[in-house]
Every structure is written in structure tokens, then in C-alpha cells.
Amino acid sequence: MEKRVVFSHKTLPYLLLAPQLAITVIFFFLPAGQAMWQSFRIEDAFGLSSQFVGWGNFVDLFSNPDYVNSFKVTIEFSLLVACSGLVIALLLATMANRVIRGAAVYKTLLIWPYAVATAVAGVLWLFLFSPSVGILAVYLVQMGFHWNPRLDSHDAMTLVVLTSVWKQISYNFLFFLAGLQSIPKSLIEAAAIDGATPLRRFWSIVFPLLSPTTFFLLIINVIYAFFDTFAIIDIMTQGGPGTSTSILVYEVYNAGFKGMDIGSSAAQSVILMIIVVALTVMQFRYIDRKVNY
Amino acid sequence: MIERRPYLDFFSHAILLIGVALVAFPLYVTFVASTQTAQEVAQAPMSLLPGGHFFQNYMSVLFGHGSNSAPVARMMWVSTVMALVIAIGKISISMLSAFAVVYFRFRFRMFFFWMIFVTLMLPVEVRIAPTYKVVADLGLLNTYAGLTLPLIASATATFLFRQFFLTIPDELIEAARIDGAGPMRFFKDILLPLSKTSIAALFVIQFIYGWNQYLWPLIITTHENMYPIVIGIQRMIAGGDSVTEWNLVMATALLAMIPPAAVVILMQKWFVKGLVDSEK
Numbered sequence: 001m002e003k004r005v006v007f008s009h010k011t012l013p014y015l016l017l018a019p020q021l022a023i024t025v026i027f028f029f030l031p032a033g034q035a036m037w038q039s040f041r042i043e044d045a046f047g048l049s050s051q052f053v054g055w056g057n058f059v060d061l062f063s064n065p066d067y068v069n070s071f072k073v074t075i076e077f078s079l080l081v082a083c084s085g086l087v088i089a090l091l092l093a094t095m096a097n098r099v100i101r102g103a104a105v106y107k108t109l110l111i112w113p114y115a116v117a118t119a120v121a122g123v124l125w126l127f128l129f130s131p132s133v134g135i136l137a138v139y140l141v142q143m144g145f146h147w148n149p150r151l152d153s154h155d156a157m158t159l160v161v162l163t164s165v166w167k168q169i170s171y172n173f174l175f176f177l178a179g180l181q182s183i184p185k186s187l188i189e190a191a192a193i194d195g196a197t198p199l200r201r202f203w204s205i206v207f208p209l210l211s212p213t214t215f216f217l218l219i220i221n222v223i224y225a226f227f228d229t230f231a232i233i234d235i236m237t238q239g240g241p242g243t244s245t246s247i248l249v250y251e252v253y254n255a256g257f258k259g260m261d262i263g264s265s266a267a268q269s270v271i272l273m274i275i276v277v278a279l280t281v282m283q284f285r286y287i288d289r290k291v292n293y
Numbered sequence: 001m002i003e004r005r006p007y008l009d010f011f012s013h014a015i016l017l018i019g020v021a022l023v024a025f026p027l028y029v030t031f032v033a034s035t036q037t038a039q040e041v042a043q044a045p046m047s048l049l050p051g052g053h054f055f056q057n058y059m060s061v062l063f064g065h066g067s068n069s070a071p072v073a074r075m076m077w078v079s080t081v082m083a084l085v086i087a088i089g090k091i092s093i094s095m096l097s098a099f100a101v102v103y104f105r106f107r108f109r110m111f112f113f114w115m116i117f118v119t120l121m122l123p124v125e126v127r128i129a130p131t132y133k134v135v136a137d138l139g140l141l142n143t144y145a146g147l148t149l150p151l152i153a154s155a156t157a158t159f160l161f162r163q164f165f166l167t168i169p170d171e172l173i174e175a176a177r178i179d180g181a182g183p184m185r186f187f188k189d190i191l192l193p194l195s196k197t198s199i200a201a202l203f204v205i206q207f208i209y210g211w212n213q214y215l216w217p218l219i220i221t222t223h224e225n226m227y228p229i230v231i232g233i234q235r236m237i238a239g240g241d242s243v244t245e246w247n248l249v250m251a252t253a254l255l256a257m258i259p260p261a262a263v264v265i266l267m268q269k270w271f272v273k274g275l276v277d278s279e280k
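These protein sequence lines are chains A and B, in that order.
Numbered according to my numbering, the first sequence spans residues 1 to 293.
Numbered according to my numbering, the second sequence spans residues 1 to 280.
It should be emphasised that the hints constitute simulated quantities derived from the structure, not laboratory data.
Treat the hints with care, as some may be off.
[To be verified] Below, in silico cross-link-like pairs of lysine-lysine (BS3-like), each with a Cα-Cα straight-line distance of 27 Å or less:
| no. | chain 1 | residue 1 | chain 2 | residue 2 |
| --- | --- | --- | --- | --- |
| 1 | A | K258 | A | K72 |
| 2 | B | K196 | A | K3 |
| 3 | B | K133 | B | K188 |
| 4 | B | K133 | A | K258 |
| 5 | A | K107 | B | K269 |
| 6 | B | K273 | B | K196 |
| 7 | B | K269 | A | K185 |
| 8 | A | K3 | B | K273 |
| 9 | B | K196 | B | K133 |
[As the list claims (entries may be wrong)] Restraint-style ranges between C-beta atoms, simulated for each label pair:
| no. | chain 1 | residue 1 | chain 2 | residue 2 | range |
| --- | --- | --- | --- | --- | --- |
| 10 | B | L266 | A | F257 | 36 to 42 Å |
| 11 | B | F55 | A | F257 | 35 to 41 Å |
| 12 | B | M59 | A | F29 | 46 to 52 Å |
| 13 | B | A14 | A | R4 | 54 to 60 Å |
| 14 | A | F215 | B | K269 | 22 to 28 Å |
| 15 | A | I75 | B | P45 | 32 to 38 Å |
| 16 | A | A192 | B | W114 | 46 to 52 Å |
| 17 | B | H223 | A | A22 | 23 to 29 Å |
| 18 | B | F31 | A | Q51 | 55 to 61 Å |
| 19 | B | Y7 | A | F29 | 48 to 54 Å |
| 20 | B | L266 | A | M143 | 38 to 44 Å |
| 21 | B | Y7 | A | C83 | 25 to 31 Å |
| 22 | A | V25 | B | P45 | 50 to 56 Å |
Every residue, glycine too, gets a C-beta built ideally from N, C-alpha and C.
Using the sequences and the accompanying hints, generate a full structural model.
Here you go:
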């Protein structure tokens with residue numbers, strides 16, 4: 001879609017675009033280009049000179065068991081976060097769409113975690129489940145569980161997944177609620193007249209009609225788990241115990257700022273860029289399909 | 001309501017109440033912990049009733065006396081400046097560039113548009129080390145400019161404004177031109193007032209985005225007086241469990257939550273609109 005009537009001016013449009021383009025070039029294209037450049041080079045120990053190594057950094061990465069493990073961890077983590085987050089949010093949204101009394105109050109009380117910083121969410125749950133002072137950890141131990149997220153990798157994974165899901169519930173809830181409210185009432189009423197139970201109506205009508213929203217949220221949640229959960233990992237487990245919660249974004253940070261391995265960090269950045277591009281393309285293809293839906 | 005099903009109604013309310021309780025439980029514990037002394041919190045399990053040290057704890061974190069950490073009042077100021085600059089900056093530069101792309105024809109128009117689009121695929125987490133180097137070379141470490149500028153370019157906001165400008169009827173620009181208004185006059189007197197709701201919606205989302213930034217300020221700030229509050233909390237717990245004064249950490253966490261939560265709850269209508277619009 002284009003405007004039929006426009007202004008004509010030689011320099012003004014360039015001036016209007018200048019601030020955005022300046023920031024884009026300096027803080028996006030320059031660093032991204034530099035990452036690509038460095039990903040094919042290796043620096044000496046003092047950072048004085050660098051040398052072209054071709055695909056060397058990438059080959060090193062994929063032959064490094066820690067990095068391959070980080071891929072597995074990231075996939076496991078993001079699937080757990082996306083699936084459990086969507087199921088819980090869908091349940092809550094379906095219920096909130098049913099009730100009449102108090103619907104607005106429930107909505108307000110369920111959306112505020114969106115405002116909480118991921119880092120602060122991490123601190124809150126770290127405190128609740130801290131083995132020495134955490135109130136929930138104490139209950140777990142009293143019930144006979146051996147709870148220690150600092151030593152047990154399953155406990156650590158449970159903890160970061162729980163926190164990430166808690167933080168993302170409000171977002172999923174809002175989108176599911178909007179999706180549910182856009183389903184025509186007449187369809188549900190027709191099914192009810194035919195004698196379909198609420199459960200049957202949900203599985204045969206509501207859930208299929210909701211599938212575009214579900215698919216969209218699935219991608220958004222995977223992106224969230226891949227990138228936005230850095231703060232949760234850094235605050236709660238620092239990737240540990242061992243490397244059991246070290247997701248890809250955390251590995252980039254580790255290589256670049258703790259290990260000072262510029263070439264490896266750059267190669268990891270390039271791999272992440274490819275993942276983001278793939279996810280974004282999937283997200284936009286979904287939007288195209290929705291128009292035809 | 002399609003039919004009366006009292007049991008199902010009861011079940012729905014029960015599920016929602018459990019959901020609300022699970023979502024609110026950490027908040028309640030945070031509040032309770034922030035009103036107790038460090039010793040009271042450290043005894044496991046701590047009491048779930050508020051203690052009597054509310055004012056003492058909050059005064060001590062806000063102004064930093066009696067504890068070894070920096071005053072949180074300063075951190076909240078840094079966070080406020082950062083969130084406001086990011087929100088207002090994103091909205092202004094995106095609006096200007098959307099205006100240029102929609103209302104002018106010029107060479108490389110679509111090229112520039114795609115340049116902005118591609119930034120969508122380069123979140124800060126992905127280009128972290130080289131961006132740090134650029135900012136360090138420019139001498140912007142520990143400055144507000146360094147904190148905000150790399151986060152200010154926004155493809156989503158530009159898209160949103162472009163989408164919105166395209167729905168504005170052409171008659172308005174024709175009328176403006178007949179009356180002799182230039183492009184900037186049209187922008188100021190017609191586009192800006194029409195965009196009010198979009199601006200409000202975007203502001204809510206971007207304010208929260210700016211306030212809650214973690215990774216970027218973590219690497220870019222090394223001076224205590226440039227820490228946003230989120231980083232302040234991270235530094236408070238970095239010492240390990242034994243020395244962490246959880247009551248003060250929880251008071252700081254609560255202070256860090258209040259401004260963005262207030263924005264979400266008070267501007268709920270715009271928040272929902274902004275969230276739904278900016279993902280389209």
C-alpha cells in the first residue's frame with residue numbers, strides 16, 4: 001500500500017531518516033559486520049594481531065562438547081518454557097473468558113508480572129527456592145525431596161524453567177484471551193444446541209480456531225526462551241551446575257566477557273544471528289497466512 | 001454465557017484464584033521479607049507475617065546509610081532516565097523515519113526501509129561483544145548515552161507508525177497542501193495529534209522495556225553511580241548466600257517493580273493495545 005499524495009522535497013526525507021539510520025549503522029550494522037569479520041579470524045593472546053582462519057572458529061565450536069551441549073540445553077529449555085507456559089496460560093485464559101463476575105479483576109491480577117524485570121523475577125524465585133533460606137525449599141526438604149539447585153542439574157533446570165514461565169504467563173494470557181474473544185459466539189452456541197459438552201466444544205471448535213494464536217505464541221516464546229532469559233540464567237545459576245543450564249546466549253557472554261575469546265564469541269554471535277533470522281522469517285510467514293485465514 | 005453450569009463456574013473461579021495466588025505468591029513473600037530483619041529472614045522457614053522493620057529497611061536501601069551498598073534512590077533515578085530516554089527516543093526517531101518513508105518519494109526509499117527492518121533480527125544479545133567495543137571506542141562507557149543509544153533504534157515502532165500513517169485518509173494531506181502547509185507543519189498539526197493513542201501505547205511498552213534492561217547495562221556500567229536498579233540488585237546478591245542481606249535485597253526488588261507495575265496497571269488499556277499492536 002502506498003500513498004497517492006505525497007510531499008516533494010529534495011533533502012527533508014533524508015534528514016528525517018538520519019537519526020534512525022545513524023543509530024542503525026553505528027550500533028547495529030557495524031557491530032554485526034565486525035562479528036562476521038572476527039568469526040573468520042583468530043586473535044593472538046594479547047589482541048595485537050589477528051589471522052584469517054576460514055571456518056576454523058566454527059569447526060572448533062562444533063567439535064567442542066560444551067558448545068554442542070549448550071545447543072541441547074537451549075532446545076530442552078525453550079521447549080519446556082514454551083509448552084508449559086502455553087498450556088497454563090491457555091487454561092487460565094479459557095477460564096477467564098468464561099467467568100463474568102470479576103473478569104476485569106482477574107485480568108489485572110494476572111498481567112502485572114509482565115512489568116517485572118526478568119532479572120528481578122530471577123531474584124524473587126532464587127530467594128523462594130534458595131536451599132538455605134528459601135521458604136519453598138524448606139517445605140520441599142520437609143516433604144522429603146533432596147532439593148539443591150546448586151548441585152543437582154535437574155533442580156536447576158526446573159528452577160529456571162519455572163521462573164521463565166512465571167514471567168511470561170501474562171503475555172501468553174493476554175494473547176490467548178484476545179484470541180478467544182475474537183471467536184464468534186454463534187459457533188459455540190450452535191454446538192451447544194447440538195448437545196456438545198463444554199470440553200467437546202473446546203477441542204472441536206475453540207482450539208482449532210485458536211491455532212494461529214497458538215502458533216504465533218509458540219514462536220514468540222521460543223524467541224523469549226532463547227534470548228530474553230539471559231538475566232534469569234545469570235542471576236539464578238550462572239549456567240551451572242556445570243554447564244547444565246548454560247543456554248547459547250549465556251555461552252556468547254561467557255566467551256566474550258569472561259573467556260575473552262573474541263573469535264569464538266563472534267562465531268557464536270553469527271550462529272545466533274542465523275537462528276534469529278530463521279525464527280523471524282517463520283513468524284512473518286505466519287502473519288502472511290493469517291491474512292488468508 | 002451459553003448455558004448455566006454452576007459446577008463449571010465454580011471450577012473456573014477456583015482455577016483463576018489458584019492462578020492469581022501462584023502469580024502473586026512471590027510478590028507477597030518479597031513484601032514480607034522486606035519488612036523483617038536479616039536474622040528473621042535467615043531463619044528457615046521465615047515467618048509469613050509482615051515484620052516491623054518496614055521503614056528502617058526501606059530508608060536504609062533508599063539512602064544507603066547503615067549498609068555497604070550504594071543508595072537505591074540514585075539507581076532508581078538512573079533507571080528512570082534510562083527508561084524515559086529509550087521510550088521517548090524510540091518513539092521520536094521511529095515517527096520521523098516512518099513519516100519520511102510514507103509521505104515522501106526519494107531515492108533508496110525502500111533500501112532504507114529494509115535497513116531498518118533488518119535491525120529486527122539483531123537483538124543486543126546477539127551482537128553483544130562488538131557493540132560493546134563500538135561503545136567503548138566512542139568513550140561512552142558509564143554514560144547515559146552509552147546506556148541508551150544502542151537500544152534506541154526500533155524496527156517495531158517504525159512499522160507501527162508506518163502502518164498507522166497508511167490508514168490516515170489522503171484528503172487530509174490534500175487539504176493541508178491546498179491550505180499551503182509544508183511537510184513539517186502537516187506533521188506537527190495533523191499527524192502528531194492523530195497519533196496520540198499509538199504514542200501512549202508504545203510509550204508504556206518501551207518504558208517497561210527500558211526499565212527492565214539487564215544484559216546491556218550489566219556490561220556497560222562499572223561505576224556504582226551509573227547502575228540502574230536492576231543491576232544494583234544483581235550486585236547485591238553476587239556475594240553469595242552467606243553475606244546476602246535478603247531483607248534489603250527484597251526491599252530493593254520491590255522498589256524495582258513498583259514503577260513499571262504502576263505503569264502497566266494504571267495505563268492498562270494502552271498497555272494491552274501497545275502489546276498487541278507492536279507484535280503485528
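Requested in this report: Determine whether the Cβ-Cβ distance between A:I75 and B:P45 falls within the hinted range of 32 to 38 Å.
Outcome: The hint (32 to 38 Å, Cβ to Cβ) holds, given that A:I75 and B:P45 are roughly 36 Å apart.
Query raised in the report: Are the Cα atoms of B:K133 and B:K188 separated by 27 Å or less?
Result: Violated, at roughly 38 Å.
Query raised in the report: Is B:K196 within 27 Å of B:K133, Cα to Cα?
Result: violated (38 Å)
Report task. Could you say whether the range 46 to 52 Å given as a hint is met by the Cβ separation of B:M59 and A:F29? Result -> holds (47 Å)
Query raised in the report: For the pair B:Y7 and A:C83, does the Cβ-Cβ distance stay inside 25 to 31 Å?
Result: Because 29 Å falls inside the window, the suggested range holds.
Query raised in the report: Do the Cβ positions of B:L266 and A:M143 conform to the proposed distance bound of 38 to 44 Å?
Result: Hint holds: Cβ distance 40 Å, inside 38 to 44 Å.
Query raised in the report: So does B:F31 sit 55 to 61 Å from A:Q51, Cβ to Cβ?
Result: holds (57 Å)
Query raised in the report: Quick one, are B:K196 and A:K3 close enough, alpha carbons at most 27 Å?
Result: holds (21 Å)
Requested in this report: Starting from the hint 36 to 42 Å, judge whether the C-beta atoms of B:L266 and A:F257 obey it.
Outcome: holds (38 Å)
Query raised in the report: Going straight from one Cα to the other, do B:K273 and B:K196 come out at no more than 27 Å?
Result: holds (13 Å)
Query raised in the report: Per the hint of 46 to 52 Å, is the separation of the Cβ atoms of A:A192 and B:W114 within bounds?
Result: With a Cβ separation near 49 Å, A:A192 and B:W114 satisfy 46 to 52 Å, so the hint holds.
Query - A:F257 and B:F55 - C-beta distance against the hinted 35 to 41 Å - result: Once the Cβ atoms are compared, 39 Å apart, the range 35 to 41 Å for A:F257 and B:F55 holds.
Hint compliance for this structure: hints 3, 9, 19 are broken, all remaining hints hold.
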